[in-house]
Structure formats: structure tokens, C-alpha cells
Amino acid sequence: MLRYAASRLFRAILTIWIAVTVTFFLLRLLPADPTLLVVEGDMTPEMQEALRSQYGLDKPILQQYVLYLGQLVQGNLGVSFRQLVPVSDLLLSRLPWTLLLAGSAFVLTLLIGIPLGVQAAVGRGGLVDRAVQFFGITANALFIPSVAILLLVVFGSNLGWFPIGQAIDPDTRGLAAYASLLHHLALPLFSLVLVQLGPYALTLRTNMVEVLGEDYITSARSRGLTHRRVVWRHALRNAVLPALMLMGLQLGTLIGGAVLTETVFAYPGVGRLIFESVQQLDFPVLQGAFVILAVTVVLANLLTDLLSMALNPRIRT
Amino acid sequence: MSTEPQSLVADPQAAALTSTRRRRSGGFFSAPSGWLSVGVLALFTVVAIAGPMVVDSPSGLGTDILQSPSGAHWFGTDDLGQDVFAQVVWGTRISLLVGAVASLIAIGIGTLLGLAAAYVKRLDPVVTTVTDVMLSLPMLPLMILVTALAGPSVVTLITVIGLLSWPEVTRMIRANGLVVAAMPYIDGARVLGAGATRIIAREILPAVMPLVVVNVLLTAARAVIAEAGLSFLGMGDPSSWSWGRILLNAQRSGTIASAWWQTLFPSLAILLLVLAATIAGIRYNDSRDPRTRGV
Chain A
1 MLRYAASRLF RAILTIWIAV TVTFFLLRLL PADPTLLVVE GDMTPEMQEA LRSQYGLDKP
61 ILQQYVLYLG QLVQGNLGVS FRQLVPVSDL LLSRLPWTLL LAGSAFVLTL LIGIPLGVQA
121 AVGRGGLVDR AVQFFGITAN ALFIPSVAIL LLVVFGSNLG WFPIGQAIDP DTRGLAAYAS
181 LLHHLALPLF SLVLVQLGPY ALTLRTNMVE VLGEDYITSA RSRGLTHRRV VWRHALRNAV
241 LPALMLMGLQ LGTLIGGAVL TETVFAYPGV GRLIFESVQQ LDFPVLQGAF VILAVTVVLA
301 NLLTDLLSMA LNPRIRT
Chain B
318 MSTEPQSLVA DPQAAALTST RRRRSGGFFS APSGWLSVGV LALFTVVAIA GPMVVDSPSG
378 LGTDILQSPS GAHWFGTDDL GQDVFAQVVW GTRISLLVGA VASLIAIGIG TLLGLAAAYV
438 KRLDPVVTTV TDVMLSLPML PLMILVTALA GPSVVTLITV IGLLSWPEVT RMIRANGLVV
498 AAMPYIDGAR VLGAGATRII AREILPAVMP LVVVNVLLTA ARAVIAEAGL SFLGMGDPSS
558 WSWGRILLNA QRSGTIASAW WQTLFPSLAI LLLVLAATIA GIRYNDSRDP RTRGV
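The listed protein sequences derive, respectively, from chains A and B. Just so you know, this note's numbering puts 124 at position 124 of the first sequence, and the rest follows in order with no gaps. Just so you know, this note's numbering puts 434 at position 117 of the second sequence, and the rest follows in order with no gaps.
The hints are simulated quantities; they were obtained by calculation from the structure and are not laboratory data. Please note that the accuracy of each hint is not assured.
As the list claims (entries may be wrong) - Calculated lysine to any residue pairs in the SDA-like style (CA-CA distance at most 25 Å, straight line): (1) K438(B) - S7(A); (2) K438(B) - R519(B); (3) K59(A) - E49(A); (4) K438(B) - A513(B); (5) K438(B) - L522(B); (6) K438(B) - L495(B); (7) K438(B) - V497(B); (8) K438(B) - V450(B); (9) K438(B) - R515(B); (10) K438(B) - A506(B); (11) K59(A) - R28(A); (12) K438(B) - P501(B); (13) K438(B) - I426(B); (14) K438(B) - F10(A); (15) K59(A) - P86(A); (16) K438(B) - E520(B); (17) K438(B) - T514(B); (18) K438(B) - L509(B); (19) K438(B) - R3(A); (20) K438(B) - I516(B); (21) K59(A) - A467(B); (22) K438(B) - R11(A); (23) K438(B) - I18(A); (24) K438(B) - R8(A); (25) K438(B) - D504(B); (26) K438(B) - L14(A); (27) K438(B) - Y4(A).
Claimed, not checked - One-sided and incomplete, this derived list gives chain A residues near chain B with beta-carbon spacing under 7 Å: (28) T15; (29) I18; (30) N140; (31) A141; (32) G252; (33) G256; (34) Q279; (35) A294.
Cβ atoms here follow ideal geometry from the backbone N, Cα and C, with glycine treated the same way.
Work the whole structure out from these sequences, hints included.
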């Protein structure tokens with residue numbers, strides 16, 4: 001068990017290291033000179049030199065790399081070109097919203113996807129099964145901004161059921177603040193879940209069908225256990241593990257989806273920050289956003305892996 | 318008297334039924350999903366090639382601002398008076414171009430790495446680890462970063478999407494290649510003195526070729542979505558139209574809620590194209606699979 005946990009931890013650190021290294025060399029190898037991008041318009045060669053040494057660009061590349069890693073470990077992601085505040089401050093003020101959005105999408109997909117997948121597998125050929133198979137394939141073709149815009153137009157503007165923009169009404173306090181939070185979260189969350197749910201339920205269904213055909217299920221049935229107990233206690237446990245792992249692998253896509261959703265709904269997370277920074281060509285923010293999202297995904301993935309480990313007796317021993 | 322014609326009618330029906338079933342189980346085009354998806358893909362290709370020759374480039378400064386769909390403007394106009402139909406037609410070219418070329422790049426890299434990992438034992442752990450790492454990273458933010466640094470253009474989009482989309486391909490090709498590499502005829506080739514390159518290129522590659530074809534379609538579908546996403550975030554080529562850019566324009570001008578035609582038609586185009594590519598891929602897979610073939 002420790003061995004497994006250690007190997008997962010090693011994989012997580014390796015992934016973060018690769019992500020960080022790739023980012024560093026991309027920034028240095030691409031033709032764009034970062035100093036030219038800081039200020040538009042005229043810049044004297046002296047000013048450029050001063051900027052270069054300020055960013056450490058006049059040192060050998062390996063030395064720059066070591067410096068960069070050192071800075072990262074201390075949580076220093078540089079300074080935003082446009083807003084002149086530390087990138088880490090900007091990102092940390094936005095990250096909670098992205099975590100809330102992506103995290104609740106993850107949990108909600110599990111909560112709805114598991115019963116759906118089980119129902120589809122148990123009632124094969126039935127209505128739920130057909131729906132799961134249909135949406136399992138078509139949902140891959142859904143472009144998240146399209147879905148988000150559709151929801152925004154129908155439920156936000158036309159019906160006026162949900163607010164558009166922002167994550168919370170700043171004038172609310174106490175319980176009303178939580179209500180406002182959920183109210184603002186609903187549409188972005190729903191667009192993400194809508195896209196994730198189909199493929200997830202389909203995978204669970206496939207696993208479940210396989211598990212239901214195994215000998216130990218037949219043996220459980222022959223021992224006189226109720227249908228309900230066999231399906232939910234015996235079969236689900238083994239079907240849900242690979243599905244949970246898969247969901248962990250999908251986290252990167254989920255975060256990408258959150259970036260697009262936040263953009264449509266002007267939801268103040270890291271994704272919306274990326275959208276704003278793209279328009280202003282604020283490279284340190286874009287770089288920092290990638291690093292922080294990569295770290296988030298890797299840590300969440302590690303968490304899912306450890307959770308599966310806790311649930312899976314075969315790995316636990 | 319009355320029974321004979323009935324039996325005569327019933328027989329051809331049954332015959333037709335079995336023959337459709339036989340045809341259905343055989344070729345790609347026997348099922349409606351086969352010819353329908355290929356038909357849609359062909360239609361998009363025609364629009365991408367011939368469309369811009371027939372439809373004028375969408376230019377601004379028209380007087381018909383934010384018109385809903387009509388005879389003059391089939392898909393309506395945007396806040397600058399530009400024809401949305403023309404935008405969608407011109408955008409088809411970019412979406413298809415990026416989808417196709419990026420997919421080919423990703424397939425090239427992915428197949429090469431996948432096969433190398435499947436046959437050369439020493440390479441396998443390295444390729445597998447790098448693939449897993451790439452798969453677990455959030456690709457969209459990485460693509461945004463690289464595109465922003467390289468400067469948005471069609472070439473950048475194709476390169477970035479192509480170079481970052483191979484891990485899924487590698488994983489599938491490797492898994493399939495491992496099965497093939499363990500087969501006796503590969504040992505036979507080795508005994509006959511074939512080198513690794515020859516075995517990979519001449520023996521394993523043909524065996525996994527159907528999967529490669531499926532992956533071309535599925536990767537192209539993902540590339541189209543990625544291109545639309547990047548363009549929607551403002552990372553598209555500023556000098557050419559794309560479906561994502563139409564949505565971005567609607568978002569920026571704040572006409573999302575009022576001008577439904579500006580977002581609906583490009584959205585439908587993305588949905589149709591990606592769905593057609595996905596279904597064609599699945600259909601091709603099914604028509605090659607001996608298990609579903611026999612049914």
C-alpha cells in the first residue's frame with residue numbers, strides 16, 4: 001500500500017516537474033523576446049537591457065532554469081505585465097472559484113453518473129440505457145461554449161431564472177450569501193456536468209455490464225442475496241473503481257472546460273483570468289495559470305488515486 | 318387465392334431483410350450512420366473548398382446590423398452588419414484545415430511512438446510515462462500559453478494542436494501494437510532476420526492500420542473542438558474566420574442574449590462536423606471488427 005502511494009506521489013511530482021520545465025523552455029525557445037512584450041511602443045536599448053537583467057534574461061539558460069525553479073518552489077510566479085501585481089496573488093484570488101466550479105462538477109457528475117450507469121447496465125436495452133449510450137457518444141461532440149451560451153440565453157436572459165456574470169452578490173450576508181453563491185454557480189456548473197455526464201455514465205455502464213457477468217456475482221445471487229444488494233454492494237464497488245480512476249484522468253479536460261465556461265458566464269475564476277490575460281498578452285499570468293492549473297489537476301488526480309486505493313482491497317494489501 | 322400473393326409479398330420482404338442485414342454487417346456504407354456521416358463530412362469539405370469562391374468574404378460596415386435570418390441574410394448579420402452565413406462558410410475552411418492537418422501531425426507522432434513502445438521493450442517505460450504525464454496535464458491552458466507565445470496564426474494553431482494531441486493516439490496504438498507484437502508471425506519475421514524498423518513498418522503497422530484510420534477521425538474531431546476553443550478565447554488567427562471567432566465576436570459585442578443566430582449556426586456547424594467525424598470513426602471501427610461484423 002505504501003509502495004503504491006509512493007509511486008503515485010513520485011508520478012505526481014514528475015508530472016509537475018515536466019509541466020514546469022516545458023513551460024520554462026517554451027518561454028525561452030520561442031522567438032518572442034519577453035522584454036519586447038512588456039511595453040508596447042518605443043524602448044531604448046538601455047531600457048531593454050535593464051529589463052533583461054531584471055528578469056534574469058542575461059544569464060546562461062541553465063542558470064535561469066535553476067533560478068526559475070527556485071522561485072517557483074517559493075511560490076513566486078513573477079509579476080503581471082499589465083496589472084503590476086504578483087501573478088501568484090492574482091491567481092490565488094481567482095483559484096477558489098475555479099476549484100468550486102470544477103470540484104462541484106466532478107462530484108455532481110459522480111453523483112448522477114453512477115446511478116445512471118448502474119441503471120443502464122441493469123436494465124440493458126431500456127430507455128435509460130439508450131439515453132446513456134446516445135449521450136455517451138454525442139456529448140463528446142458538444143462544444144462547451146455552445147452549450148454554455150445556450151443555457152445562458154434560455155435560462156439566464158429569456159427566462160431570467162439565473163443571474164449572469166459574477167459568482168456571488170456582494171450585498172448578501174450569511175445564508176443569503178450561500179444561496180446567491182449557488183444561484184450564480186448553477187448555470188456554469190450545469191454546462192460542465194452536461195458535457196461530462198454522458199461519457200462518464202457510458203464508461204460506468206460498460207464496466208458494470210462486465211462485472212455483472214463475473215462468477216462472484218452469480219455466486220452472490222445464488223446465496224440468495226437480494227438483487228439490490230448484489231448490484232449496489234457487490235458489483236458497483238468493482239465497477240466504480242476504474243470509473244473513478246478514469247474521472248481522475250479526465251480532470252485536465254474538466255479544467256479546460258471550466259476555462260471555457262467561466263469565460264462565457266464571466267465567472268471570476270482562473271479561466272476568466274486567462275481570457276482577460278489573452279486579450280492583454282499578459283504572458284506571466286498565462287504561464288502562472290497553466291502552472292497552477294497543472295498543479296491543481298495533478299494533486300486532485302493524486303487524491304483520486306489514493307481514494308481508489310482506500311476503496312480497493314486489491315491495492316490496499 | 319388470397320394467400321398466395323401474400324406469401325409472394327412476404328418472401329421478398331424476408332429476403333430483403335436478410336440481404337440488408339448481410340450488407341449491414343459487411344461494409345462501411347451499409348448502415349445509415351456510415352453514409353450519413355461520410356455525407357456530412359463530404360458536404361463540409363465541399364463547402365470548405367468551394368464555399369469561399371461562391372460566397373463573398375464577410376466584410377463589415379454594412380447597414381443591416383443585427384438582422385435576424387432572412388432571404389438576404391440566411392443566418393442573419395452581426396453587430397457590424399457582417400453576414401453570419403458568409404462567416405460560417407469561410408470558417409469551415411479553417412476548421413477543416415486545422416482539424417485535418419493537426420490530426421495528421423498527431424497521428425504521425427502518436428503512431429510512431431506507440432509502435433516503438435509496443436515493439437522496443439526499452440523504450441516502453443519512457444514512452445508510457447511521458448504519455449501518461451501529457452494526458453494528465455490540462456491541455457487547453459497549455460495550448461493557450463504556447464499559442465500566445467508563438468503568436469496566433471493558422472500555422473501556430475495547427476502546430477500547437479498537432480504537437481499536443483498525440484498522447485491519446487499513442488496510448489491506443491501502443492495497447493493494440495502490444496497485442497500484435499506478441500503474435501507468432503512477428504517472431505517469425507525476427508527469425509528470418511528482419512530488423513526492428515522493418516518489423517514495425519512492414520509487419521505491425523499494417524495490422525494496426527484500421528485503428529490508425531479510426532484515430533485520424535477521432536483526433537480530427539478533437540482538433541476541431543480545440544481550434545474552436547482557442548479561437549473562442551481569442552487565440553485564433555485574427556486575419557481569418559473561424560467558428561470559434563464568430564462566437565467570440567458575439568461574446569465581445571454583448572449580443573449573445575439578443576442575436577441567437579450569431580451563436581446558433583456556428584455552434585450547429587461544430588456539432589455536426591465533430592459528430593460526423595466521431596460517428597464515421599466508430600462506424601469504421603465496427604465495420605472492421607469481426608465480432609460486430611458477424612452479427
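Against the structure, the hints:
no.: 1; hint: K438(B) - S7(A); verdict: holds (21 Å)
no.: 2; hint: K438(B) - R519(B); verdict: holds (18 Å)
no.: 3; hint: K59(A) - E49(A); verdict: holds (12 Å)
no.: 4; hint: K438(B) - A513(B); verdict: holds (11 Å)
no.: 5; hint: K438(B) - L522(B); verdict: holds (17 Å)
no.: 6; hint: K438(B) - L495(B); verdict: holds (10 Å)
no.: 7; hint: K438(B) - V497(B); verdict: holds (14 Å)
no.: 8; hint: K438(B) - V450(B); verdict: holds (19 Å)
no.: 9; hint: K438(B) - R515(B); verdict: holds (16 Å)
no.: 10; hint: K438(B) - A506(B); verdict: holds (17 Å)
no.: 11; hint: K59(A) - R28(A); verdict: holds (12 Å)
no.: 12; hint: K438(B) - P501(B); verdict: holds (17 Å)
no.: 13; hint: K438(B) - I426(B); verdict: holds (18 Å)
no.: 14; hint: K438(B) - F10(A); verdict: holds (22 Å)
no.: 15; hint: K59(A) - P86(A); verdict: holds (22 Å)
no.: 16; hint: K438(B) - E520(B); verdict: holds (17 Å)
no.: 17; hint: K438(B) - T514(B); verdict: holds (14 Å)
no.: 18; hint: K438(B) - L509(B); verdict: holds (20 Å)
no.: 19; hint: K438(B) - R3(A); verdict: holds (24 Å)
no.: 20; hint: K438(B) - I516(B); verdict: holds (14 Å)
no.: 21; hint: K59(A) - A467(B); verdict: holds (23 Å)
no.: 22; hint: K438(B) - R11(A); verdict: holds (21 Å)
no.: 23; hint: K438(B) - I18(A); verdict: holds (23 Å)
no.: 24; hint: K438(B) - R8(A); verdict: holds (23 Å)
no.: 25; hint: K438(B) - D504(B); verdict: holds (14 Å)
no.: 26; hint: K438(B) - L14(A); verdict: holds (22 Å)
no.: 27; hint: K438(B) - Y4(A); verdict: holds (23 Å)
no.: 28; hint: T15; verdict: holds (5 Å)
no.: 29; hint: I18; verdict: holds (5 Å)
no.: 30; hint: N140; verdict: holds (6 Å)
no.: 31; hint: A141; verdict: holds (4 Å)
no.: 32; hint: G252; verdict: holds (4 Å)
no.: 33; hint: G256; verdict: holds (3 Å)
no.: 34; hint: Q279; verdict: holds (6 Å)
no.: 35; hint: A294; verdict: holds (5 Å)
Violated hints for the displayed structure: none, as all numbered hints are satisfied.
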